[in-house]
Each structure stands twice: as C-alpha cells, then as structure tokens.
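Line by line, the protein sequences give chains A and B.
In short: position in the first sequence from 1, add 30, done, that's my numbering.
In short: position in the second sequence from 1, add 7, done, that's my numbering.
In case anyone wonders, no lab produced these hints; they're calculated from the structure.
Just so you know, not all the hints are guaranteed correct.
Going by beta-carbon spacing under 8 Å, a handful of chain B positions derived as facing chain A [claimed, not checked]:
| hint | residue |
| --- | --- |
| 1 | 190 |
| 2 | 192 |
| 3 | 199 |
Since the model is a prediction, treat every value here as computed from it, not as a measurement.
We treat Cβ as the ideally placed atom computed from N, Cα and C, and that holds for glycine.
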Amino acid sequence: MTLALDLLTIVGVSAGCFFFVAGTVGLLRFPDALTRMHALTKADNLGLGLIVLGLLPQAAGLGHALKLVAIWLLAQVSAAVASQLIAGAVLRQRSAIWP
Amino acid sequence: MALGFDISLAFLVVVLAAWTIQVHDTYSAVLAFVVFGLLVALIWVRLASVDVALTEAAIGSGVTGALLLSAAALLRPTESTVAPPGAAWCTAAGVVCAIITAGLGAIALLLPDPAPTLAPLAAANLPQSGLGNPVTGVLFVYRALDTLLEKVVLVLALVGVWSLAVDRLWGGIPALWPATCPDSTLTFLAQLLPSVGLMLGIYLCWTGADHPGGAFQGGALLTAMWLLVMLAGVRAAPATGLLSLRLLLVAGPTLFLVIGLSGFAIAGAFLAYPPGYGKPLIVVAEGALTLSIGVTLGLLAAGPAERAREP
Numbered sequence: 031m032t033l034a035l036d037l038l039t040i041v042g043v044s045a046g047c048f049f050f051v052a053g054t055v056g057l058l059r060f061p062d063a064l065t066r067m068h069a070l071t072k073a074d075n076l077g078l079g080l081i082v083l084g085l086l087p088q089a090a091g092l093g094h095a096l097k098l099v100a101i102w103l104l105a106q107v108s109a110a111v112a113s114q115l116i117a118g119a120v121l122r123q124r125s126a127i128w129p
Numbered sequence: 008m009a010l011g012f013d014i015s016l017a018f019l020v021v022v023l024a025a026w027t028i029q030v031h032d033t034y035s036a037v038l039a040f041v042v043f044g045l046l047v048a049l050i051w052v053r054l055a056s057v058d059v060a061l062t063e064a065a066i067g068s069g070v071t072g073a074l075l076l077s078a079a080a081l082l083r084p085t086e087s088t089v090a091p092p093g094a095a096w097c098t099a100a101g102v103v104c105a106i107i108t109a110g111l112g113a114i115a116l117l118l119p120d121p122a123p124t125l126a127p128l129a130a131a132n133l134p135q136s137g138l139g140n141p142v143t144g145v146l147f148v149y150r151a152l153d154t155l156l157e158k159v160v161l162v163l164a165l166v167g168v169w170s171l172a173v174d175r176l177w178g179g180i181p182a183l184w185p186a187t188c189p190d191s192t193l194t195f196l197a198q199l200l201p202s203v204g205l206m207l208g209i210y211l212c213w214t215g216a217d218h219p220g221g222a223f224q225g226g227a228l229l230t231a232m233w234l235l236v237m238l239a240g241v242r243a244a245p246a247t248g249l250l251s252l253r254l255l256l257v258a259g260p261t262l263f264l265v266i267g268l269s270g271f272a273i274a275g276a277f278l279a280y281p282p283g284y285g286k287p288l289i290v291v292a293e294g295a296l297t298l299s300i301g302v303t304l305g306l307l308a309a310g311p312a313e314r315a316r317e318p
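All chains should be built: construct the whole structure from the sequences, respecting the hints.
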C-alpha cells in the first residue's frame, strides 16, 4: 500500500515538474504576451495541480491534505485573475497602437 | 539532495541580486526585488526560521514591493530624462557595498565556535511568560521596548509620507496608484479574496503566541487585502484627516504603551507583566498592534493626499 502511494507521489510530482518545465520553455520561446501566458497557465494550473495531487498521499492527515488543496485553489484564483489582467492590458495596448 | 537544493537556491539569489542592480528599467528592478525577497524567505525556511521567513515574504517582499512599485510608477514619466549617475559615483557605491559585504562575511566566518548566544537562557525563562513561540517571547518580553519603538517609528514614517501632500490638501484623500483602471476581474478578486486573507491575517496574529506568526505578518496580510479592495475600486481610500482612521493608527502603540506604563504599578518595571497575566496582555497588545500595523502599512502604500476631502 505504501509502495503504491509512493509511486503515485513520484508519478504526480514528476508529471507536475514536466508541465512546469514545458511552461517555462513556452514562456521563453513563444512570440508574444498572449501565447506566453497560455504556456504559463499550463504550469500554474496542471503543474501545481499534479504536484499537489502527488503530495496528497504524503500528507500527515486530513488537515494537511486540505491545506495543500487550498494552496492549489488560491494559486488557481491568483493565476486566473493575473492572466486576465495582463491580457486586458495587452488588448488595451494593442488598440492604442492599432485603433 | 537537500544540499543541492540549498546551493542552487543561494546561487539563484546571488544572480537575481546582481540582475536587480544592473537592470536599467526601475520597474523590472522592483519586480526582480520582489522575487528576490520571496527566494530569501525560502532560504529562511531552510534555516528553520519560519518567523523571519514570514516577515521577509510579507514585509520585505510584499509591502516593500508595493511601496517600490508605486514609487516606480510615479517616477516613470521622468525616468528617461534623468541622466544616469557617472562612473565615479557607480564605482564609489560599488566599493562601499563591497566593503559592507566583505565585513558582514568576515563577521559571519570569524564567529567563535560555538557562537556566543543567549538562546538557552531565553528558552529556559520562556515558560514564565506563558508563550510557546520563543521569537514572540523575545519581541514582547525580553526586547519589548524595541518592539514598542518600532511601531512608533512606523507611524512617524507615515507622518513623513503624509507631509509630502500640498498644504491645502492636508487631510485629503490619497490617490493610490496613478495607473489604475477599473476591471471586473480585479473587482471579483477584491470581493472574493479578503474573506480568506482577513481570516489568515487574524490567524497569524493569534497563533503568533505559540507558533510562527505575529503582529507584523498578520498586519501585512490585512494591508494586502485593504490595498486590493482600494485598488479594485470596491471601497475608496479614506481621507487621511478622518479622526477614526487616526485613532486606529495609534491604537496599537498606545495600548502597548499603556500596558508598559501600568507595568510600573502592577509588576514593578516598565513593560513588565505581572506573573500569570503575561500571555493575555501580550495577545491583547498584539491584536491592537496588528490592526494598527495593517492600517499604517496600507496608508504608507496609498501615499500622500492628492485629492481634497469632500465636504
């Protein structure tokens, strides 16, 4: 049972790290703000989500597990709002240049 | 594994520090400084100083970052017209900084082993105060005078910021960031997040007696939530002349001072607590201080009055 839980952790955290690396590569390689943000949201959303999922079996109790999920949810909210704000700023800037 | 993590963390912090100094755009430098503060907070966690890590993240990175961002936004229009400092100035600043760094490094490396410490003495006498967190013990029992003066300095700093206002606008309303624009997403966040953030701020203040946390960390969270609400336009910034606002500003330091002065009568010394009442008095003082710190930091970030108060 412990082995299965540890395996779940290894798979979850590794997959999460993969999405973080992929998101970072996208951030560095993609041509403009909107596509770069598209790459970053994958890291924030899937990457952190998978890492939290992988860490859940290692939590000391229900309280710890809920805290981990709360961290993921808060990061989700902040990422969603921040990307909306940045996208809004990009659109305003574009319409200022090409009205 | 842990060593590898620590080394890469330290390396990243040094690289980020160097980048913060050499980048020309003030805005980018401030952003790098905020990330730098968060990484330094991680280092404090690795050194098992969770109290310091929380303070660094909340104050060193968060509130200072907000202050610097608003300063950068104010400076932006004139930034390109100011000539960069000459080579002589840069060299002089570099030499002074290098000497300070070398001095600090030498002190850290030349410490006798084991380093002189009062920690065992402090830990041995902590149970008398009824507190469980040794950091709060040092802040509110052994060095309470420093803590009191620190809160007074904070209010003085705010007076300094307020006095930048034009005479006829004294007591008026701060303008906050110059470049804010209403956005429904931000409004949504400002309505959703404060419920979580305020609870966390109160929890940090409450748990500070026994676990990492305390008035400054809790107060910084209150500040963050208040700034979010003001920036999103959900609630307007208050007029700096409001009597209730000014009472809130001094409530914490005043209550702390009253507790300290009553120490003469009930425990025989300034800032001494009578046996058995240490913890309740400290928790009450911390509660009031959290509120005052939250309001003071928020108004520091909001800046001087730039609009007249509505009659």
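Taking the hints in turn, this is what the structure says about them:
{"no.": "1", "hint": "190", "verdict": "6 Å, holds"}
{"no.": "2", "hint": "192", "verdict": "4 Å, holds"}
{"no.": "3", "hint": "199", "verdict": "7 Å, holds"}
Taken one by one, the earlier hints all hold for this structure without exception.
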